[in-house]
Amino acid sequence: MRFLFELIQNSDDAYKDLPTKNPLLRLAMIDQHYLIVANYGKGFDERDVRGVCGVGSGTKRQDREKTGYKGLGFKAVFGQSNYVLIASKGEYFRFAADAAEFQWNPRWGKDRASWEAANGQKFEYPWQICPIWTEKAELPKVIQQWLFSQPEIVACIIYVKDMTEIKKSLKTLINQAHVFMFLRRIRDIRISIDSSTETVLQVTQLRDRSIKIGDGDGHIISHWLLHPCVLPVPDEALTDYYLPEKLQQIKEIDLTLAVKINQNNCFEPVRGSDSILFAYLPTKISMYNLPILVNGQFIINASREHIRIDSSWNQWLFSCIPEQMFKWVQILTKDHKWRNKAYDLLPNRIPTKDQLADRYNQALDSSVKTVPFLLGIHNNSLLLSQAVVDLTLFASDECLGHELVRDYISQTSSPPLRLPANPFVHNHHRLRNLGIRQFTWEMCWNMLQSPWLLTRLTAERGIIFINYLYEQRELTQFKKRLYDIPFLLDQFGHLRKVTETYFPSRFSSADWLMVEDMDAFVHPTVMDWL
18 MRFLFELIQN SDDAYKDLPT KNPLLRLAMI DQHYLIVANY GKGFDERDVR
68 GVCGVGSGTK RQDREKTGYK GLGFKAVFGQ SNYVLIASKG EYFRFAADAA
118 EFQWNPRWGK DRASWEAANG QKFEYPWQIC PIWTEKAELP KVIQQWLFSQ
168 PEIVACIIYV KDMTEIKKSL KTLINQAHVF MFLRRIRDIR ISIDSSTETV
218 LQVTQLRDRS IKIGDGDGHI ISHWLLHPCV LPVPDEALTD YYLPEKLQQI
268 KEIDLTLAVK INQNNCFEPV RGSDSILFAY LPTKISMYNL PILVNGQFII
318 NASREHIRID SSWNQWLFSC IPEQMFKWVQ ILTKDHKWRN KAYDLLPNRI
368 PTKDQLADRY NQALDSSVKT VPFLLGIHNN SLLLSQAVVD LTLFASDECL
418 GHELVRDYIS QTSSPPLRLP ANPFVHNHHR LRNLGIRQFT WEMCWNMLQS
468 PWLLTRLTAE RGIIFINYLY EQRELTQFKK RLYDIPFLLD QFGHLRKVTE
518 TYFPSRFSSA DWLMVEDMDA FVHPTVMDWL
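Heads up: the sequence shown at position 128 corresponds to 145 in the numbering used here, and the numbers run straight through without jumps.
Derived by calculation from the structure, the hints in this document are not laboratory data. Where a beta carbon is used, it is the ideal one built from N, C-alpha and C, also for glycine. Please note that the accuracy of each hint is not assured.
Stated by the list, open to error - List of simulated lysine-lysine pairs, DSBU-like, C-alpha gap at most 30 Å: (1) LYS263 x LYS185; (2) LYS386 x LYS514; (3) LYS263 x LYS178; (4) LYS158 x LYS184; (5) LYS301 x LYS370; (6) LYS277 x LYS386; (7) LYS185 x LYS139; (8) LYS184 x LYS59; (9) LYS354 x LYS370; (10) LYS158 x LYS139; (11) LYS229 x LYS370; (12) LYS185 x LYS301; (13) LYS158 x LYS263; (14) LYS158 x LYS106; (15) LYS358 x LYS386.
To be verified - Derived Cβ-Cβ restraints for the label pairs, each shown as a range: (16) LYS127 x GLY107: 38 to 48 Å; (17) GLN193 x GLU152: 18 to 28 Å; (18) GLY289 x PRO157: 15 to 25 Å.
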């Protein structure tokens, strides 16, 4: 499918110099032998013709706004066909191996056999770099009919004897329509495998930066949330020997992350062969098994099957991915729509053992400490080292309060911690995997029974504590612990379990308040409230 991707990429680039409201791409199989890749962008000029005819002389080498850079995109078609026709705004030229113009010319010698015997090699005319001007009347009839009433079209028309693989590739594009979402300009795709039907695919960007891929009837095929970012390029990345010419002086580049959104509006990781890198169009590189799609200007081989792991450019790009994922999480935590799902995007280490995975993992270990991706209970951004997950829920201001629990954690840690005013964040299993500090039930028991709490817990806060437990009594984590939690304040200011505390029979009697009586009675302020 490589040559097909190259032609799609060329079509996308054609709209760069001819902006259109709805850039359109057409892919069509005609007469069981012709594949057409067409657009309505900029037509071929002299420079473009020279570009497709000269080896390594593509027109994109220094154009940063165009995706291709190898100068080999168009030439990929010659691995599939001996006949390629270019239609450009009503003008035509072709490349044909069996053209009469390329038969033996007496000026070259007596005949072909004699020339081959004298030179010790087979005579091959370089037809792939020799375009032949073609009149409309010379076009195959089926092509004339297809082009009829489309004078502004720009198309590459390829004759292929066996269309089995082409048909399979087009069906794959229909079934995996998200492969088009990273194209810079094309948003409307029409695919015809036979003359009777046309599949319409539309790429629509919504206000929340998500991308919906739909069909012509408005049905959603897939839904993706994108995070585009601009990265300043460090000098070390520009020293890469393999860096294409147009990137050698670049100051910044684009990188885009994408996560799939399922029918329940939740993030869904991509897995296995679907977890591939994109270089605006898909590669076959899935060995890193990232849960998201990453689109960037990776240095890959011409077949899009391999990425250079020794490339300093690629290593730098890989090191940017975890940091951008943490920054993306930080953004999403402040978006009401995605707040409860943001932590699902937290990255994991890559188990693959190579230089790219190493740089990724090193960057992950660094970024998790330096990016304030956590959202505090009071909507404040926090570093991992500043945050606490409260497994008990007692740090709620409707319970013991965040200040009391924060101070206990700070002062009982060794060495003592300097935590923010409110360090608490919502619990999530991915945060625990990252090693976030936790306020556990064991720590809670210790605090509730500590002398430290004795001088800090007021009767008023004790009442709030009781009321909170009553309102939350049906929650599983409280229901099974209710008789074990010391939540009743006694006359000495200690917290007691309900089984350890007495209620006085006559509230007006002062006998139960006698100092020498060591039995635990409910604190008088609490009794008044009860």
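Okay, which hints does this one fail, numbers in order?
-> The structure breaks hints 1, 2, 3, 7, 9, 10, 11, 13, 17 and 18; every other hint is satisfied.
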